[in-house]
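Participant: Protein sequences, first through last, are from chains Z and V. Note that the first sequence covers residues 1 to 110 in my numbering. Note that the second sequence covers residues 1 to 120 in my numbering.
These are calculated hints, taken from the structure and not from any lab test. Quick caveat, the model's predicted, so the values are computed rather than measured. A portion of the hints provided could be inaccurate.
Said to hold, decoys possible - With the C-beta cut set under 10 Å, the calculated list includes, among others, these residues of chain V facing chain Z:
(1) Ala2
(2) Leu26
(3) Gln29
(4) Lys41
(5) Ser54
(6) Tyr58
(7) Thr82
What the hints assert, rightly or not - Distance condition first, Cα-Cα at most 25 Å in a straight line; then the derived DMTMM-like pairs of lysine to aspartate or glutamate:
(8) Lys68(Z) with Glu52(V)
(9) Lys42(Z) with Asp27(V)
(10) Lys20(V) with Glu87(V)
(11) Lys41(V) with Glu55(Z)
Just so it is clear, CB atoms sit at the ideal spot from N, CA and C, and this is done for glycine as well.
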Amino acid sequence: EDQVTQSPEALRLQEGESSSLNCSYTVSGLRGLFWYRQDPGKGPEFLFTLYSAGEEKEKERLKATLTKKESFLHITAPKPEDSATYLCAVQNFGNEKLTFGTGTRLTIIP
Amino acid sequence: GAVVSQHPSWVICKSGTSVKIECRSLDFQATTMFWYRQFPKQSLMLMATSNEGSKATYEQGVEKDKFLINHASLTLSTLTVTSAHPEDSSFYICSARDRLAGGLVPYEQYFGPGTRLTVT
């Protein structure tokens, strides 16, 4: 059974204070690992897809990296508008389902 | 691109009534749509996978007679909560996969904005 564990559960940072969110996973055959951002009361917003160990992708202040066991979402010089819950999910080659972690609730303090 | 809409965004209904939620892919065709449920401060739980023109596949523990799913076209899937009870109150979110995605690449799912259901 595929499993995803995200840490920390919650993270509070000062504006401009860089940090990383962790996503550890076990999957029988990784088709892809996905990062989403979810604001309260809204659906998840797609951020990144990774599927090869060593792969990196960037978007504004966010950079996602992937190893064979985990992924990191690095946030550089965050702003208050980066406050959200960040979800990690994996997909295996057996089907199209996404298995989600419980998310990291990120709060950026002005 | 890759926009998914849901309607309604919120609904309040009385116990025992049925509620229908629509999920549409606006700028792409979706062979497969997914329905999730999310409780406060919890992650998304997949309820069922919906394929255009065929019966939905439900996850273990999800009552197929209570949560009726219809995927009548490549851009529309509906979830009907039948004989709703207060414990069905939740945030329901759909997602869709572009029909053109395939092969060995990851299948990205694009999510709708969600529907908040409250059963009184």
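Participant: All hints, please: hold or fail.
Facilitator: To see whether the hints hold, each was checked on the structure:
no., hint, verdict
1, Ala2, "holds, 7 Å"
2, Leu26, "violated, 14 Å"
3, Gln29, "violated, 15 Å"
4, Lys41, "holds, 8 Å"
5, Ser54, "violated, 14 Å"
6, Tyr58, "violated, 12 Å"
7, Thr82, "violated, 23 Å"
8, Lys68(Z) with Glu52(V), "violated, 34 Å"
9, Lys42(Z) with Asp27(V), "holds, 20 Å"
10, Lys20(V) with Glu87(V), "holds, 17 Å"
11, Lys41(V) with Glu55(Z), "violated, 30 Å"
Hints 2, 3, 5, 6, 7, 8, 11 from the list above are not met by this structure, while the remaining hints are.
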